[in-house]
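There are 2 protein chains.
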Amino acid sequence: MFKLSKRLFSTLKFKRGDFARLVDSDITHFESIVGKENVKTTELDLYNTDWMKSFKGNSTCVLLPQTAQQVSAILKHCFHRYLAVVPQSGNTGLVGASVPVFDEIILSTSKLRNNFNLDLSSGILECDSGFILEELESRLAPQGYIMPIDLGAKGSCLIGGNVATAAGGIRFIRYGSMHSNVLGLQVALADQNGTLLELGTGLRKDNSGLHSHHLFVGSEGQLGIITGIKMLVAPKPTSICSMWLGTDSFEKCQKILREAKTKLGEVLSAFEFLDAETLRCLKENENLDKPLETASKYNLLIETSGSNPVHDMEKVDGFLSYCLENELAKDGILAKNQTEASYLWKLRETATLALMHDGYVYKNDVSLPLKYYYELTDVVRERLGDKAIRVINYGHLGDGNAHLNITTKKFSQEVYDLLYPFIYKWVTEKGGSISAEHGIGQLKKPYIHLGKHEKELSLNKELKKIFDPKGILNPYKMIDL
Amino acid sequence: MFKLSKRLFSTLKFKRGDFARLVDSDITHFESIVGKENVKTTELDLYNTDWMKSFKGNSTCVLLPQTAQQVSAILKHCFHRYLAVVPQSGNTGLVGASVPVFDEIILSTSKLRNNFNLDLSSGILECDSGFILEELESRLAPQGYIMPIDLGAKGSCLIGGNVATAAGGIRFIRYGSMHSNVLGLQVALADQNGTLLELGTGLRKDNSGLHSHHLFVGSEGQLGIITGIKMLVAPKPTSICSMWLGTDSFEKCQKILREAKTKLGEVLSAFEFLDAETLRCLKENENLDKPLETASKYNLLIETSGSNPVHDMEKVDGFLSYCLENELAKDGILAKNQTEASYLWKLRETATLALMHDGYVYKNDVSLPLKYYYELTDVVRERLGDKAIRVINYGHLGDGNAHLNITTKKFSQEVYDLLYPFIYKWVTEKGGSISAEHGIGQLKKPYIHLGKHEKELSLNKELKKIFDPKGILNPYKMIDL
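Protein sequences, first through last, are from chains Z and U. The UniProt record's numbering numbers the first residue of the first sequence as 1 and each following residue consecutively. The UniProt record's numbering numbers the first residue of the second sequence as 1 and each following residue consecutively.
One chain only, chain Z, in its complex shape:
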């Protein structure tokens, strides 16, 4: 079931570049680098297709290098032969960035998983880029550490892809962006030597040159292939509290956020949002009941993580009492145990799935200044009238990140045309971002110019040329030479 995005973007919009075509001697050369068993030329569907099954490429060759040196040798060969390459990490992205558009060679980083070293005093992790996020989490736990990121795809996504896409997720409000945690990167360039560079260091502070490794954070495989990572990990919290608040005023949601920052302070670890429509969808499509008896227009799932359960509970009590006594929230509940907490999180995490029962979903991932966070939902609702089954908004309110979703029974070009580029223009005019965490890839390529100075886009091309002079890395996507 290949859907709209495939039809609209992959087939219609892109034209194959004049890259070389793969020939037998290339395969032989790759086999000499990574071994026969790590060159795949059959049964490539899983690699050619993104996990939403919205994008499909036609690569005939997947390479599975096991060392950074092998990645380097591959890129060197591809540079000289002018072969296009799509770097593929966990392939869990939502914008078609990690699958080929045409016949690009797929370079999978999933076997780059030899080096793993944690410095217990500094909390600095050095590892290869092919480790699964959840696996790193499991390896860190017995040492008293956690990964500073957590996201739905943790069982499949790889840490290198997390860095390359500046992955966000639910720990963002507490531990910050990838820029907060990445200290150094090993990258392989698609230049004449397949240069292997160590950018940055495994140090918290290093002002000994340009901080160019930060350019690779969120670069979506446009500049080089991340082979190794040095990053901060976080001490494991020993106490976690989850609570739910309902209110009918979005202004009060903002006030509650402010109070959470003050009263929960350093233990605040999640501040998630679900509107009433999301809860209705969860009931209708997944038979999940809302957690409060009263229905509220706006719902907040708030979490704390700390090092002392008694202290955290006292802070939470103070915060909840304040919100209820001052009528910021009209109702609220504190999870009494792990089961109750899991139920609250289940509501938030099932939202994406629940929508799919309606038929077709128009997904959006935008950032907005908080004052506009919900306005867009109302605007879109009014714009579509009864043409949509639902217009719902859930997301990471604490980070200004809204997942606005619209459902229809089947794909409707009319609805599509009412939504796009309307939404992207509206968001850009309000100082927001058309992609908060999912990135550009193929899906948002047509809109990348919105809100950007023409000069910024031309500078980006120049930046790409420095690292990837022939433009063979991940063509047709974020930056096209």
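Worth flagging that the hints you see were computed from the coordinates, not collected in a lab. All of these numbers come straight from a predicted model, not from anything done at the bench. From the three backbone atoms N, C-alpha and C, an ideal C-beta is built for every residue, glycine too. Treat the hints loosely; a few may be bogus.
Straight-line distance between alpha carbons at most 25 Å, and here's what the computed PhoX-like set of lysine-lysine pairs gives [stated by the list, open to error]:
no., chain 1, residue 1, chain 2, residue 2
1, Z, Lys465, Z, Lys15
2, U, Lys455, Z, Lys76
3, U, Lys465, Z, Lys461
4, U, Lys465, Z, Lys452
5, Z, Lys297, Z, Lys387
6, Z, Lys465, U, Lys465
7, Z, Lys387, Z, Lys283
Here chain U is said to cover these stretches of chain Z; the calculated rule only asks that three of the stretch's residues, wherever they fall, bring their Cβ under 8 Å from a Cβ of chain U [claimed, not checked]:
no., region
8, 121-135
9, 258-266
10, 395-408
11, 454-461
Negatives, chain Z to chain U, calculated, CB over 12 Å [stated by the list, open to error]:
no., residue
12, Thr41
13, Asp358
14, Gln413
15, Phe422
Let chain Z serve as the given structure and place chain U on it in line with the hints.
Same frame as chain Z, but now just chain U:
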């Protein structure tokens, strides 16, 4: 009293580039852009000299633009005339990055101080780059926020310079690096249009393109001039505890750090280090007594900042008891009031000043993996024998940042030659950084290649060329075309 660094680096090593010489019509043009009162051509010593009085340039023109548009117009003119420009912020740096080497025009950002806007819900500050750090702190305080950085120069340094130098300081361990907090930058480029770019956004999450604003963090004025900043600020803590621990084992310092991260967890806000020699120097040169009766080889000044005094104190009690009972520390003290806390911080903050009484100070600012953090001090001590008055180490142990200082009565070339490049090579071999927070500027220019791949240095030149095609910004320093 111009000292070594001036003699060694400025005069001896650099040769004036073939930039144009300033003529009267340039001055007239600048006056038409910023007004006569904002073009200074006399009494320029304060602008030509760094605050350590180690570096002195010979500029004959200081420009004080008040808007980003004026900065843009100045850079456009300088581009077309091929006039070199040194961007100057608070001029509090320690490596001679913000003063001219020859006759570069000085572009001071100190009058860029019109826009100031704080979003109370999101805690995102948007402001011009010319605000003094301490002034921002004062403006935020009544709103319940603090700046995420704090450093000794806060009364003079400007926020734009803090970003351009990736300033560290004592809140680093808690709020992270500039990369953690900067969300977007407005920068003026030295290109044919003096292009004014908005890179990034005032949003916590934005994956709508390359994160190129991060390239300007720590770029030392090589790529463009930062005119505006969008950054996260932090909720103001309502409770602060300071404590001091002494131990004779550096391994135990590392264990204490780990325990602090676990037991103080989310409230840990400083983890500073002073060796016994530093305390001896404070006594001999400033008559400041050590805080504990027993002398310890290694001393730790630890601080917590939280939102609940009772909770914080309980955590601190638990942590201190653990360290003493388990003999990680042989002695310790918790400041009972603000006066006692101030005294502990006075010891740490006076260390730099105390050294100067000895005569000449060889200052070092390095990052090291923790296991090597103190070893360098012992190595240097043995290497110099009785040629030095003192070899001392204090710094931000929690960040791996060591300030190794050596004093002699007068500058000694023999000592200098024993120290450099020995220290830089030693640090690089151990995976450390030759500049943790002070940067490169003029002082460390000769050593910038240490530990860097040749390709990284050539890439940096290419990066500079993209933003500053004629290489007129801050020449002779971090990146020289």
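Hint check results:
| no. | hint | in the structure |
| --- | --- | --- |
| 1 | Z/Lys465 x Z/Lys15 | holds, 20 Å |
| 2 | U/Lys455 x Z/Lys76 | holds, 15 Å |
| 3 | U/Lys465 x Z/Lys461 | holds, 13 Å |
| 4 | U/Lys465 x Z/Lys452 | holds, 21 Å |
| 5 | Z/Lys297 x Z/Lys387 | holds, 22 Å |
| 6 | Z/Lys465 x U/Lys465 | holds, 12 Å |
| 7 | Z/Lys387 x Z/Lys283 | holds, 21 Å |
| 8 | 121-135 | holds (count 3) |
| 9 | 258-266 | holds (count 7) |
| 10 | 395-408 | holds (count 4) |
| 11 | 454-461 | holds (count 5) |
| 12 | Thr41 | holds, 33 Å |
| 13 | Asp358 | holds, 26 Å |
| 14 | Gln413 | holds, 25 Å |
| 15 | Phe422 | holds, 17 Å |
Of the numbered hints listed earlier, not one is contradicted by the structure.
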